[in-house]
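Novice: Residue numbers (my numbering), protein chains in the order written: chain A, 28 to 314; chain B, 9 to 753; chain C, 83 to 249.
Quick caveat, the hints were computed from the structure, so don't treat them as lab data.
Check the hints yourself; a few may be wrong.
What the hints assert, rightly or not - Mimicking DSS-like on lysine-lysine, the simulated pairs with C-alpha atoms at most 25 Å apart in a straight line are: (1) Lys186/A - Lys258/A; (2) Lys115/B - Lys79/A; (3) Lys239/C - Lys78/A; (4) Lys162/B - Lys144/B; (5) Lys156/B - Lys77/B; (6) Lys258/A - Lys277/A; (7) Lys79/A - Lys219/A; (8) Lys89/C - Lys115/B; (9) Lys300/B - Lys162/B; (10) Lys89/C - Lys85/A; (11) Lys231/B - Lys77/B; (12) Lys79/A - Lys89/C; (13) Lys78/A - Lys115/B; (14) Lys419/B - Lys635/B; (15) Lys186/A - Lys78/A; (16) Lys156/B - Lys144/B; (17) Lys74/A - Lys115/B; (18) Lys115/B - Lys219/B; (19) Lys12/B - Lys432/B; (20) Lys187/A - Lys78/A; (21) Lys89/C - Lys74/A.
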Amino acid sequence: MRAYIPAYDLRVPGSLSEALALIGREPGVWQPFAGGTDLMVLLEAGKLPHKKFLSLTKLADFRGIECTADAVLLGALTTYTEIQAHPILQAEFPLLCTAARETGSIATQNRGTLGGNVVNASPAADSPPALLVYDADVELVSERGLRWLPYHGFHTGYKKMQIAPNELLRAIRLPRRAQQWKQYYRKVGTRKAQAISKVCFAGAARMENGTVRDIRVALGSVAPIVLRAVKTEAAIRGNRITPDNIAAAKGVLAREIAPIDDIRSTARYRLRVAQNLLQEFLMLLSR
Amino acid sequence: MEEKYFGHSVERKEGRGKVTGRAQYVDDLAFPDMIHGVTVRSSIARGRILGIRYGEGIPWNEFAIVTAKDIPGTNEISLILHDQPCLASEFINHPEEPVVLLAHPDKYLLEEARRAVHIDIEPLPAVFTIEDSLAKRTIIWGEDNVLKAYHVDKGDVDGAWATADVIVEGEYRTGAQEQLYIENQGMIAVANPADGVTVWGSLQCPYYVHKALVPIFGLPAEKIRVIQAETGGGFGGKEEYPSMIAAHAALLAWKSGKRVKIVYDRAEDMVATTKRHPSRTRHRTGVTRDGKLVAMDIDLVIDGGAYATLSAVVLSRATIHSAGPYVCPNVRIRSQAVATNAPPHGAFRGFGAPQSIFAVERHLDQVARAVNLAPEELRRRNFLHRDQTTATGQIIHEDVNFDGLLDRAFKESDYHAKRERFAKENPGATVKRGIGFSTFMHGAGFTGSGEVYLASVVELEATAEGCVRVLAASTEIGQGANTIFSQIAADALGISYDRIEVAQPDTGAVPNSGPTVASRTSMVVGNLVEKAALDLKKTLVESGLLCDACTEDEFVRACKRYIETRGPLRTRSQYEPPPGLHWDDTTYSGDAYGTYAWAVYVAEVAVDTLTYEARVTDFIAVQEIGKVIHPVLAAGQIEGGVAQAIGMALYENVAWREGRMANGQMTNYIMPTAADIPPIRVFFEEQPYPFGPHGAKGIGELPMDGPAPSILNAIENATGVCLREIPATPEVLMEAMAGKAGALV
Amino acid sequence: MSETVAKINIACIVNGARQRVQAYPMARLLDILREEMHLTGTKEGCGEGECGACAVLLNGAIVNSCLVPAIEADGSEIRTIEGVASGDQLSAVQSAFLECGGAQCGICTPGMVIAAMALLARHPHPGDAEIREGLAGNLCRCTGYQKIFASVVRACKTSGEKLAGTR
Numbered sequence: 028m029r030a031y032i033p034a035y036d037l038r039v040p041g042s043l044s045e046a047l048a049l050i051g052r053e054p055g056v057w058q059p060f061a062g063g064t065d066l067m068v069l070l071e072a073g074k075l076p077h078k079k080f081l082s083l084t085k086l087a088d089f090r091g092i093e094c095t096a097d098a099v100l101l102g103a104l105t106t107y108t109e110i111q112a113h114p115i116l117q118a119e120f121p122l123l124c125t126a127a128r129e130t131g132s133i134a135t136q137n138r139g140t141l142g143g144n145v146v147n148a149s150p151a152a153d154s155p156p157a158l159l160v161y162d163a164d165v166e167l168v169s170e171r172g173l174r175w176l177p178y179h180g181f182h183t184g185y186k187k188m189q190i191a192p193n194e195l196l197r198a199i200r201l202p203r204r205a206q207q208w209k210q211y212y213r214k215v216g217t218r219k220a221q222a223i224s225k226v227c228f229a230g231a232a233r234m235e236n237g238t239v240r241d242i243r244v245a246l247g248s249v250a251p252i253v254l255r256a257v258k259t260e261a262a263i264r265g266n267r268i269t270p271d272n273i274a275a276a277k278g279v280l281a282r283e284i285a286p287i288d289d290i291r292s293t294a295r296y297r298l299r300v301a302q303n304l305l306q307e308f309l310m311l312l313s314r
Numbered sequence: 009m010e011e012k013y014f015g016h017s018v019e020r021k022e023g024r025g026k027v028t029g030r031a032q033y034v035d036d037l038a039f040p041d042m043i044h045g046v047t048v049r050s051s052i053a054r055g056r057i058l059g060i061r062y063g064e065g066i067p068w069n070e071f072a073i074v075t076a077k078d079i080p081g082t083n084e085i086s087l088i089l090h091d092q093p094c095l096a097s098e099f100i101n102h103p104e105e106p107v108v109l110l111a112h113p114d115k116y117l118l119e120e121a122r123r124a125v126h127i128d129i130e131p132l133p134a135v136f137t138i139e140d141s142l143a144k145r146t147i148i149w150g151e152d153n154v155l156k157a158y159h160v161d162k163g164d165v166d167g168a169w170a171t172a173d174v175i176v177e178g179e180y181r182t183g184a185q186e187q188l189y190i191e192n193q194g195m196i197a198v199a200n201p202a203d204g205v206t207v208w209g210s211l212q213c214p215y216y217v218h219k220a221l222v223p224i225f226g227l228p229a230e231k232i233r234v235i236q237a238e239t240g241g242g243f244g245g246k247e248e249y250p251s252m253i254a255a256h257a258a259l260l261a262w263k264s265g266k267r268v269k270i271v272y273d274r275a276e277d278m279v280a281t282t283k284r285h286p287s288r289t290r291h292r293t294g295v296t297r298d299g300k301l302v303a304m305d306i307d308l309v310i311d312g313g314a315y316a317t318l319s320a321v322v323l324s325r326a327t328i329h330s331a332g333p334y335v336c337p338n339v340r341i342r343s344q345a346v347a348t349n350a351p352p353h354g355a356f357r358g359f360g361a362p363q364s365i366f367a368v369e370r371h372l373d374q375v376a377r378a379v380n381l382a383p384e385e386l387r388r389r390n391f392l393h394r395d396q397t398t399a400t401g402q403i404i405h406e407d408v409n410f411d412g413l414l415d416r417a418f419k420e421s422d423y424h425a426k427r428e429r430f431a432k433e434n435p436g437a438t439v440k441r442g443i444g445f446s447t448f449m450h451g452a453g454f455t456g457s458g459e460v461y462l463a464s465v466v467e468l469e470a471t472a473e474g475c476v477r478v479l480a481a482s483t484e485i486g487q488g489a490n491t492i493f494s495q496i497a498a499d500a501l502g503i504s505y506d507r508i509e510v511a512q513p514d515t516g517a518v519p520n521s522g523p524t525v526a527s528r529t530s531m532v533v534g535n536l537v538e539k540a541a542l543d544l545k546k547t548l549v550e551s552g553l554l555c556d557a558c559t560e561d562e563f564v565r566a567c568k569r570y571i572e573t574r575g576p577l578r579t580r581s582q583y584e585p586p587p588g589l590h591w592d593d594t595t596y597s598g599d600a601y602g603t604y605a606w607a608v609y610v611a612e613v614a615v616d617t618l619t620y621e622a623r624v625t626d627f628i629a630v631q632e633i634g635k636v637i638h639p640v641l642a643a644g645q646i647e648g649g650v651a652q653a654i655g656m657a658l659y660e661n662v663a664w665r666e667g668r669m670a671n672g673q674m675t676n677y678i679m680p681t682a683a684d685i686p687p688i689r690v691f692f693e694e695q696p697y698p699f700g701p702h703g704a705k706g707i708g709e710l711p712m713d714g715p716a717p718s719i720l721n722a723i724e725n726a727t728g729v730c731l732r733e734i735p736a737t738p739e740v741l742m743e744a745m746a747g748k749a750g751a752l753v
Numbered sequence: 083m084s085e086t087v088a089k090i091n092i093a094c095i096v097n098g099a100r101q102r103v104q105a106y107p108m109a110r111l112l113d114i115l116r117e118e119m120h121l122t123g124t125k126e127g128c129g130e131g132e133c134g135a136c137a138v139l140l141n142g143a144i145v146n147s148c149l150v151p152a153i154e155a156d157g158s159e160i161r162t163i164e165g166v167a168s169g170d171q172l173s174a175v176q177s178a179f180l181e182c183g184g185a186q187c188g189i190c191t192p193g194m195v196i197a198a199m200a201l202l203a204r205h206p207h208p209g210d211a212e213i214r215e216g217l218a219g220n221l222c223r224c225t226g227y228q229k230i231f232a233s234v235v236r237a238c239k240t241s242g243e244k245l246a247g248t249r
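Just chain A, same shape as in the assembly (with noise of 0.2 Å):
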């Protein structure tokens, strides 16, 4: 353990009201705790400089999954392992159940949160990718109230995104129109689990007739966020799947994604492995 333990403060509000007046009072002197597998790791390595944290374990309103006619909503603290074990999001959203199970380990998934998942801001999490290709939003709460914003667009740059100092995110809403579309998930981290993705590919399609009527695709690891490429999305949308469509959308995929050479992989592998999934995709649409 490197870190200073007794330097660090971990508060568990039992109302979202006191969460709420916590945050407002010292706006950004609190940080949301939502299962802690990505902070714990840091604070064991010494790696987390923020010190005061606010565990939203007993927040009532911030756990469940609620399915209506035309949505599902998931409570922010919904781990990845409920996320798995729900039919419905069984039936309509595979991607996401698919990016729950390739989550860390089950001991990982039953402490890992949907909500942490995306307020940590990885560009390598797993079902961020999952979450744009099915339009999902998210709510915040503030003192002030709540409000929706489209989750695309809500990470704005490397770990940086649109949430205030004093507001949570309570829920993701994703609504229900999945089903007529293909749907593509394919997770790319050396090892078969407990691997942290080189490459996140994720999805989904409305085929008419051999055309492409309406497309989604998102990507992880390959730019400072996690990426929804609206332009190959773009290139690909009222066209059939023919090899030079798909040669066109792969060139126009490299010019929206920007990988990097790290420790875990080259920029050279992202590149050419976000394309050639992005062919795969393209190639189970046309069947």
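Based on the hints, put chains B and C in the right spot on chain A.
Specialist: This is chains B and C only, laid out in the frame that chain A set:
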């Protein structure tokens, strides 16, 4: 002798403690007066220490602080040479080199203090690669950066080229590999001038630590005591490094007057301790059109890191194994261990052999292609047999049936049918399948005259209750030493397994049976256990207290009577080399090992051409290791070694940044999980070795040797891509496949 | 030196016994178990949730205790390796590990036994893929996993294991 236990899978001696969590590893031991220690290390690879600053805000007066000037004896970690300091005092030669030690009762405060120590270093030019070290533009060790060199010469290589129809050249590389035992290194020490030094710790070789502590404290040998705690894996990583951490804990204990525990966290263990030596091997091989090897010219270099440590002996094993189990009349091997400014590379299961066997087994597939032979056919035409000689001129006096091993491995793996099927199915497939193999040997025991120099000793002691205790410095590190010694002793004495106890290795109480390394524990030390046990029984028989064919009750009564009437019942055995072994260190020729294990491994792979990930989908390991002492433990050794070697072949990449491991976390240094390891099917051919206990030979390192070349041979079969380096990560494979298919888009 | 916070009271039930300790809120559950409660069967392999040596059951679910802050263990029920056998009577999983060679050096074994229990609670008769997935969070450097898989299969066959309280 009846084999009631030998050959049977009895319950592991210390197994209950392990499955219930009661086994006590070093970090589980706590004492009331114990405080904690940490190491402050250099931040850069090479330089001159200008000064040490202790930052503001830390109550330094509460700390025990040790630097080189606090060492009562000599500032060195004594191993083969004397070049490595215990604490750097003037020069820094690698990143993470220990400079200052701190101890305090509060672990949290200790970390705060560690961060507050600043070591000012004036940088000096450093060397980070084998090529830079060989270039000798910057000399960082000795006169020429060469830690050790060997020459092996058999026949006349230069004269033989003319007789070759084809000459095949190739260069092969292997990377560093972290041992990654799951229990990090740790030691507890008490030390003061009156009582001397006692350390408890996670270690493989108690007498190595003992040897290192003597000069550091300048104390007589009997004032130093080293005790092994339960040890959570070693794989070589706890062969030489524990001397360092033991010395550090003991120095802090000496200074503070308290018992001091140092346990590394994973990050420190990964960046600061030893790894497998990276290597570069160049082969130039002459072969006739019909596939007979006529000349092998091998140039082998390993990266030893900043100090000599064990590099000379690692290089020795690498050198001797580099020509493989083949008969070639003309062999020249030039090998060197060179210095770089990385933390010293060290012992890791296989000890140089996996590196050089990777090279020769990859290379022979290239040679086979060059003469249009199937890879197995080329090997069949050159396999070593009884009465033939190895590269060092050792005449093999045992039956070696490589053809039989190969047949068995091909049958179990369905090799030929798969080869055919994959050739048919691969074109057009996104996931390409392949199958490949390697044929290899591994010398058991210390190299050359090593065992003679060691002159290992084992003692056995009977109690008045009729139990027999094995006294040996050989350590249980997961491989099953306690169990195997007990099986051997029980059978030799004709008593039940439960009556045998294996004493905790403690240099104050057990004789030096040598280090727990080199696949020697079962074969060499097990043999000593058997001899001492037979001698103990003979003593009872000759005393008239026991007849030869006794019952257990009679044995118990005889022990009681003996001890009551004549005093302690203790026997001792010492190593004697098998007759006729001869080794010449000056010409590096002769009987390199008493015997070898022989093996054929087959790997099946699936290569995804979209992600460039190669996965091993099936693995067959066929080997001849003499008689199998404990089938479950033996298979466990093979399976575990194969899994480590799969890691070495495909996953485990050390990301070096100026001599420092940049990915020193389990998250970023990728070892295989349960989801990544294929079924590993293990088969033993048993041919008794006359000089091992009941015919057993060594086993521990063997499985590390064969998998990497088998896997890369399989990848070549799958993709047509000839990879010559490991780890063959997806990034490496992509570049190679892109090279084959044209530039990246 | 950094500013410090006060220790807090943590109350929980560990292996059926009530425990009360004082700890810093962000202290790791792992350290509390090992250092305050002297339950050293739970091991630290990496401190970053990667190796699973510190796995325990927290309110019936497997977690890595190195990633659980003390304050979140307050009010919980915890089962560690020390609570798996009944006296000298090993559980089915422990016996199977002993018989099949599932433990070599033993350092991953406590976490591996906990993971196997959690797996068998979810899938009483797991297939190969389920076993691999269920144990993928627990790294073993000795066995190559084969004998651990065999241990799990053996444990299902001999299962008198009480799985209540796990999920």
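Novice: Given the hinted pair Lys300/B and Lys162/B, is their Cα-Cα distance within 25 Å?
Specialist: Answer holds: Lys300/B to Lys162/B is near 16 Å, not above 25 Å.
Novice: Straight-line Cα separation of Lys187/A and Lys78/A no greater than 25 Å?
Specialist: 19 Å, holds
Novice: Are the Cα positions of Lys186/A and Lys258/A separated by 25 Å at most?
Specialist: 23 Å, holds
Novice: Can the restraint linking Lys231/B and Lys77/B be considered satisfied, given a maximum Cα separation of 25 Å?
Specialist: It holds: about 22 Å lies between the C-alpha atoms, which stays within 25 Å.
Novice: Within 25 Å, alpha carbon to alpha carbon, are Lys89/C and Lys74/A?
Specialist: Status holds; Cα separation ~22 Å.
Novice: Are the Cα positions of Lys79/A and Lys219/A separated by 25 Å at most?
Specialist: Distance ~35 Å between Lys79/A and Lys219/A Cα, so the pair is violated.
Novice: Hey, Lys78/A versus Lys115/B, does the alpha-carbon distance stay inside 25 Å?
Specialist: 18 Å, holds
Novice: Under the criterion that the straight-line Cα-Cα distance not exceed 25 Å, is the pair Lys79/A, Lys89/C satisfied?
Specialist: 14 Å, holds
Novice: Lys89/C and Lys85/A were given as a pair; does the straight-line alpha-carbon distance stay at or below 25 Å?
Specialist: 20 Å, holds
Novice: Going straight from one Cα to the other, do Lys186/A and Lys78/A come out at no more than 25 Å?
Specialist: With Cα atoms ~18 Å apart, Lys186/A and Lys78/A stay inside 25 Å; holds.
Novice: Hint check: Lys239/C vs Lys78/A, CA-CA at most 25 Å. Holds or violated?
Specialist: 49 Å, violated
Novice: Given the hinted pair Lys115/B and Lys219/B, is their alpha-carbon gap at most 25 Å?
Specialist: 30 Å, violated
Checked against the numbered hints given earlier, the structure breaks hints 3, 4, 5, 7, 18, 19 and satisfies all the rest.
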